[in-house]
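Please work from the sequences and hints to get the whole structure.
8 protein chains.
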Amino acid sequence: MDPSTLRKLLEQVRDSQLSPDEAITRLRHLPFEDLGFAKIDHHRPLRVGMPEVIYSEGKTPEQVAEIFARMAERSSNVLATRANQEKFEAVRARVAEAQFHPTPGCIVLHRNHEKRGHGLVGVVCAGTSDLPVAEEAAVTADIMGNEVEQLCDVGVAGLHRLLSQHDLLDRARVLIVCAGMEGALPSVVAGLVKAPVICVPTSVGYGASFGGLAALLGMLNSCSPNTAVVNIDNGFGAAYLASMINQL
Amino acid sequence: MDPSTLRKLLEQVRDSQLSPDEAITRLRHLPFEDLGFAKIDHHRPLRVGMPEVIYSEGKTPEQVAEIFARMAERSSNVLATRANQEKFEAVRARVAEAQFHPTPGCIVLHRNHEKRGHGLVGVVCAGTSDLPVAEEAAVTADIMGNEVEQLCDVGVAGLHRLLSQHDLLDRARVLIVCAGMEGALPSVVAGLVKAPVICVPTSVGYGASFGGLAALLGMLNSCSPNTAVVNIDNGFGAAYLASMINQL
Amino acid sequence: MDPSTLRKLLEQVRDSQLSPDEAITRLRHLPFEDLGFAKIDHHRPLRVGMPEVIYSEGKTPEQVAEIFARMAERSSNVLATRANQEKFEAVRARVAEAQFHPTPGCIVLHRNHEKRGHGLVGVVCAGTSDLPVAEEAAVTADIMGNEVEQLCDVGVAGLHRLLSQHDLLDRARVLIVCAGMEGALPSVVAGLVKAPVICVPTSVGYGASFGGLAALLGMLNSCSPNTAVVNIDNGFGAAYLASMINQL
Amino acid sequence: MDPSTLRKLLEQVRDSQLSPDEAITRLRHLPFEDLGFAKIDHHRPLRVGMPEVIYSEGKTPEQVAEIFARMAERSSNVLATRANQEKFEAVRARVAEAQFHPTPGCIVLHRNHEKRGHGLVGVVCAGTSDLPVAEEAAVTADIMGNEVEQLCDVGVAGLHRLLSQHDLLDRARVLIVCAGMEGALPSVVAGLVKAPVICVPTSVGYGASFGGLAALLGMLNSCSPNTAVVNIDNGFGAAYLASMINQL
Amino acid sequence: MDPSTLRKLLEQVRDSQLSPDEAITRLRHLPFEDLGFAKIDHHRPLRVGMPEVIYSEGKTPEQVAEIFARMAERSSNVLATRANQEKFEAVRARVAEAQFHPTPGCIVLHRNHEKRGHGLVGVVCAGTSDLPVAEEAAVTADIMGNEVEQLCDVGVAGLHRLLSQHDLLDRARVLIVCAGMEGALPSVVAGLVKAPVICVPTSVGYGASFGGLAALLGMLNSCSPNTAVVNIDNGFGAAYLASMINQL
Amino acid sequence: MDPSTLRKLLEQVRDSQLSPDEAITRLRHLPFEDLGFAKIDHHRPLRVGMPEVIYSEGKTPEQVAEIFARMAERSSNVLATRANQEKFEAVRARVAEAQFHPTPGCIVLHRNHEKRGHGLVGVVCAGTSDLPVAEEAAVTADIMGNEVEQLCDVGVAGLHRLLSQHDLLDRARVLIVCAGMEGALPSVVAGLVKAPVICVPTSVGYGASFGGLAALLGMLNSCSPNTAVVNIDNGFGAAYLASMINQL
Amino acid sequence: MDPSTLRKLLEQVRDSQLSPDEAITRLRHLPFEDLGFAKIDHHRPLRVGMPEVIYSEGKTPEQVAEIFARMAERSSNVLATRANQEKFEAVRARVAEAQFHPTPGCIVLHRNHEKRGHGLVGVVCAGTSDLPVAEEAAVTADIMGNEVEQLCDVGVAGLHRLLSQHDLLDRARVLIVCAGMEGALPSVVAGLVKAPVICVPTSVGYGASFGGLAALLGMLNSCSPNTAVVNIDNGFGAAYLASMINQL
Amino acid sequence: MDPSTLRKLLEQVRDSQLSPDEAITRLRHLPFEDLGFAKIDHHRPLRVGMPEVIYSEGKTPEQVAEIFARMAERSSNVLATRANQEKFEAVRARVAEAQFHPTPGCIVLHRNHEKRGHGLVGVVCAGTSDLPVAEEAAVTADIMGNEVEQLCDVGVAGLHRLLSQHDLLDRARVLIVCAGMEGALPSVVAGLVKAPVICVPTSVGYGASFGGLAALLGMLNSCSPNTAVVNIDNGFGAAYLASMINQL
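Residue numbers (my numbering), protein chains in the order written: chain A, 1 to 248; chain B, 1001 to 1248; chain C, 2001 to 2248; chain D, 3001 to 3248; chain E, 4001 to 4248; chain F, 5001 to 5248; chain G, 6001 to 6248; chain H, 7001 to 7248.
Read the hints as simulated data drawn from the structure, not as lab findings. A few of these clues could be false.
[Stated by the list, open to error] Taking beta-carbon pairs under 8 Å as the criterion, some of the chain C residues facing chain A (in silico):
id, residue
1, S2129
2, Y2206
3, G2207
4, A2208
Each residue gets a CB set at the ideal place from its N, CA and C atoms; glycine is no exception.
What follows is the structure, encoded as structure tokens:
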């Protein structure tokens, strides 16, 4: 029920062609969500600074390129996650400005650089193998309008490396901490700061890491209460949530 | 937004105290679901013949009795599952007609015996230890308006017992099959009939039954395609679904 | 049927009180397994409108083609699931009328379009990645003689998309709902309708989806009781069961 | 190395009894963390408005009372989680002002009601069985200086109940959503709002809920990206994190 | 047996070429399920020397006693497993000859001591905590007519204890080996003998034994091929199978 | 310590070059297992009719061929499991008589056809996908000197196919039953016979079969006590154990 | 075969009553382990300073007391783990010197205080709830002859507490680190020292700690390589291994 | 805070430009870890004889070569684990002295052969399939300055092979025992020696070995207390820990 349909109905009431009771009956059977509900939804992504996002896994290069190109027409910023060089080539043939971050496999069209977040989003990772996940988070937070700084290779087996970066940890308004294997880094980081810490378990490891399960369980059981956890390897989701928090 | 509020608004439109556009704006901010949506929901349980149901686990006898009594005022049939003798005593003090099925722990108030289902619901179980689950299903199906027959102790280790009851299996319009341990019975039953078979894994067993997990996995992997599975020990849910099917 | 009953019957034959044909008829209704059991079984697939089905995984193109061709000689409708383009080529070389649905990987020979189901089978899926499973269900339900409608991309993160399709949900006599990741869609759908809802968890997701386990557990624990669950990615099984229900 | 030791060393430098280089060498071997690091930590809880917290499980009533009483001397607000009536009696004998919330088992001493959070913390739960967890979250958020509102019994099987509360969802600056069984509620809620949503899986359920595992996996796989998850039944942790966010 | 064969047979009866008794005999050997199937089944337990068995868990003392007493009327040997002192008292009040083995919780009525097994059944266990399971096996094997010897406390951490009993291992015709914790004993024993070895994982252990799962997996992965495994703590099943083998 | 070393020592004692006490000291430090223990082991495989066996997985074609050739020099029968065509070519180049069973991937050199087993080993499987495992069992049982018969495609969803083969089931002295998916076949078979039944779960299935886990758990929880279970897909182990039993 | 039997045999050889070949034959059939092997075993516990140990779980007070008393006659030090006050009373009635450590539930008789370890065994735990496990380790290490120091409540959420104890960590020759929940402490500690670190996951935690599984997986995946892990809550085993290392 | 900054501060104190109290205040806010802490860390690997180590998995040949070459400039010994022939070629082009161990995939530069361990490190494995893991351990222990001996193919199914090597087991100061499948070998070995035993579960096996989980659980539940466990396939970690122990 678009506004014009509704207006027509109300005009019939005004013109006494329809009694209020008849109008009630008709309204009762109209799809409720057309009364503005859907519109909110369509506008919401734009209001919160979220670019359109394409999850590329399981899509062909042509499909990714087609969707990306159509989105680029109506949105300043577009992000495609979990892509590769081949998919990027297909996109670039359609959208020349698009750029590729090979480590996380992100294709970005970043034309609107307005800062929507009020502070710094810090992205910390335990080892270099966690970089694909950490950079997916960093790229996402960046395109969503946040100031972002990364801190790498500060695993808990060499605490001094982490402690020497205390300053960055203190400056961040929201922290994203990525770690595989035993996933202990977020607990340690969260004990050093008062910022909210979003934990991203990564599938880095072997044997009893069970594809990230060990890190996931570790983070869920963190003894530091200013933490919460997203899915394994979900750098995108962590950055999305961090952006929502940073806009508060 | 109850109908009277809506009528008032429409009357203002009719009386030109409110322009159609102003009315649109107001309607847009009214909670949509009050335009009849909720009413459908309130009526739905009655239309489908579902009595009010109380899940008694974790409630005190007083709470169960209080809820049961209030429901008995507006509903002919009331069912409380996962109850015990003590909770039944509390209910009976309030609702003298209530009756108790000790094996499944069900308290029932069954005043409307109208048959809503079009055929027979057969409830089959592998062993006597599965009876609490099978009877929860039977009691539920009965109070929801189905003709119900039970068949017990027909485990797959002694096929002849099952095969000798082929007649009942053939007469049932919907079958509920409960089994613990390896959970093989539904596959065998479903291979003998064309009726839909709802599988209920039970927590009966020990060791590697892992609280019903073995039976659950067995049923999900059934090689008989006319089957689907509900949660472990969920006799109530199986009977609810069977009733929906039997009303078709 | 104990020996004495049998002897009495045979004595009546000997004494010509019973003709051999009458004796056959009586024996035929004696303990099921006696005579016609196998025959009933052979006829059953035809009676319930089930085409012959080939599970192609793990078979060579030649094997699939050979089986398909032989089945096509005695059955109007033939379905091969979990196939691919190469296997389809092999089949088409033998059965020119066969057609291929690439998304679910189904090869179909659909010559008998008689409608056996009494109503609409609705196939709903949460996201485009669930389409292979949803289409396996749709193709199967179609070839088994049901009217089928599909509804895609109505995940719970954007409820308005689902709610705006309330009409289709209401019209369906049986619903098949496919979802990966957290598998929440069936609970929401089942809360909106009174039709039986068959839930199909899909292996769509990553990390803690554990190949569909998260969706499976979610569906088994659904708070909507008019649901039951089939194996992960088992679109075929869901449609088979839906057909059995829709023939009631 | 306490300040007096350090002062002595520096006085020796001032008095030229120690050269700067010798002092460097000595400082290098002093325990670093005595240079003020610990002090920051002691002050941190107070600065962020966090009351002292006692996890009562596994402690005797006497131990809980003793710790509570000592904390009450130096802190305006004290919280003991996972307690019971007996432990509360022991506390009240020492701290007369202490109060008890029986549903979540929280003992609180709430003397400083300063609001530190900048907005509303909404605590939503799916069913009445989730109330102990939801109220642990609400009590914690309250004593940490947040405005709190609760919303109960809005499970996804009856969407209209949730949708009719859209207003509260919109007003909340941070949302905590508790759900057991299939844990679908947070996905649905998060799709309706732009606030960060902290998900708390509860151990409510039976059978294949596996003590909250089903809800946990569901929430980790949520298709709504503005969510993160804490440990099963960890209402306290969710509220602590919500408070940190609400102070931003 | 197709109808024409049957008709021919019946015509022979009618024509008195075949007496009713001869016809019965022929029918008896026609497809198994025809006539005597159930009878065979009824006689089978007696023929293989299996006493009637009652699984007492989940039954009241009165139920166990009632079933035991009725069985004692038609069977020389009766066995009730998983019982306790209270259930035994109830049984003894009905069947004075019954005896109780408190360690495994077995009630036995052992009147027929005929040896049916052709050799020795050896029951080996790793530690004294495994004794309840080992003795359930020993009592079962004994009442089923086997010569039984037990060997206890020969865990793999002290190999010499096991090796010094090589003689018993060599004499056994079938071996039952019970072990909890890491479940390594059956692999070692099976490497020393040529007899079939039936492995019984026990729930003895703590922590990562996960209720016997560690032992179960260990035994399933045994590098000794003359082994097979029964359910956790299933001493009864192991002894039943051993008896079947020992009667060969 | 070979016999000649021991003889020398004893001759020194006899010749009084060594006192008994000195001899004791020396013997005490000799490796005990050289006193015949190892010899027993070397002879054991031959005595029990077990051919030498090579597990080919993870070995290069050259390695398999080299080991096979060397074994063929001292053993009449040689078996290599888990091989493929390429490895077979390498073997045949060295041992011209070797033959290949492509379905299970077994290379056999079968020169000694002496029957060591006293009866028939029946190998039953539920579906054609289980054939690789069933044939690994059949080939192994054959080369170990057993009469073997196979029975395929008798899954529990079509009981009549199984029941019509009752005769074979009755004739077998030992039964090996292979099944994937829900693994229900062994329970049903074991309920029909008195022979020992060795269950082989297969990894056939998808989704919640979890690589054979569902079948494995189903078989461990079998309600038929004359069963025991080997590792998933372990046709070889089942046949080895069946051979040991069949030699009794 | 005790030495005197062997001597007799050798004397017969010396006296030519037995030829060397006859002696070989006899020796070959003697139980090998009597040639000194067993004696080594009996002496080993004493040599390595290990007291006799009784695992009390599942034993009655009388049984624990009886075993304890008999051990006290031949061993200076006796340790009973997993006991309680009632079992201690039973022991003290027999062995007046015995003492009880209520936190870990250890009964000790500690008469020989000889130091066998060459350095300090440090026992570190994350929180006070880990104390039962940490003290089981400390008591065991103490009675096995090690100097022991404990360090408690140094969880990774408050690093400064741990870092301020750097001195103790540096002085320890072997470290035992106990932690529940996410089990991150051992990784952090092991990164600060060069001593071997034995990790003990504890069952402390709730929800997704799954009885210590989270901590166990975390420790197995530690990024600090100077670590190894024992079973959940196995303070005794950790201390036993630490003692073996400390005696090197 | 580098030494020059610190010196400047101290010179100001010496010159009385800064009072000791002012200096304390400044020092308190300097990053603690610059006071020598990091330096200890840089020196520590060298002091404990640990070569630089590169985990090659997930790195390109170029990356491995670049890191290896740079490390070779400042360290006598360099180790790259989990490499392959291609990565080795890239390294050799840069560092001619580098050598390759193909079985474990280790690239080593071994120029300093100083023995740092005080005794023998024994590396034992159950079967030839465990060799990659065992050799990773052996290569690591060797380059870290230990005398190393390997013992292969001594699985528990043929105990005599293990027992005949008792001498090596006795000579080892530390033992590393690798085993897949049921992982029983470490328990048996540890029962024969007093040396500490480090257990390495390997992913060797199939079916219910679940990628090494069965062996891992087996080892964690070992009944031999002188054992601890590292991650599945973690030969490197076991050897690192063994080296730390062997330097004591």
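To see whether the hints hold, each was checked on the structure:
no., hint, result
1, S2129, "holds, 6 Å"
2, Y2206, "holds, 6 Å"
3, G2207, "holds, 3 Å"
4, A2208, "holds, 5 Å"
In this structure, none of the earlier numbered hints is contradicted; all agree with it.
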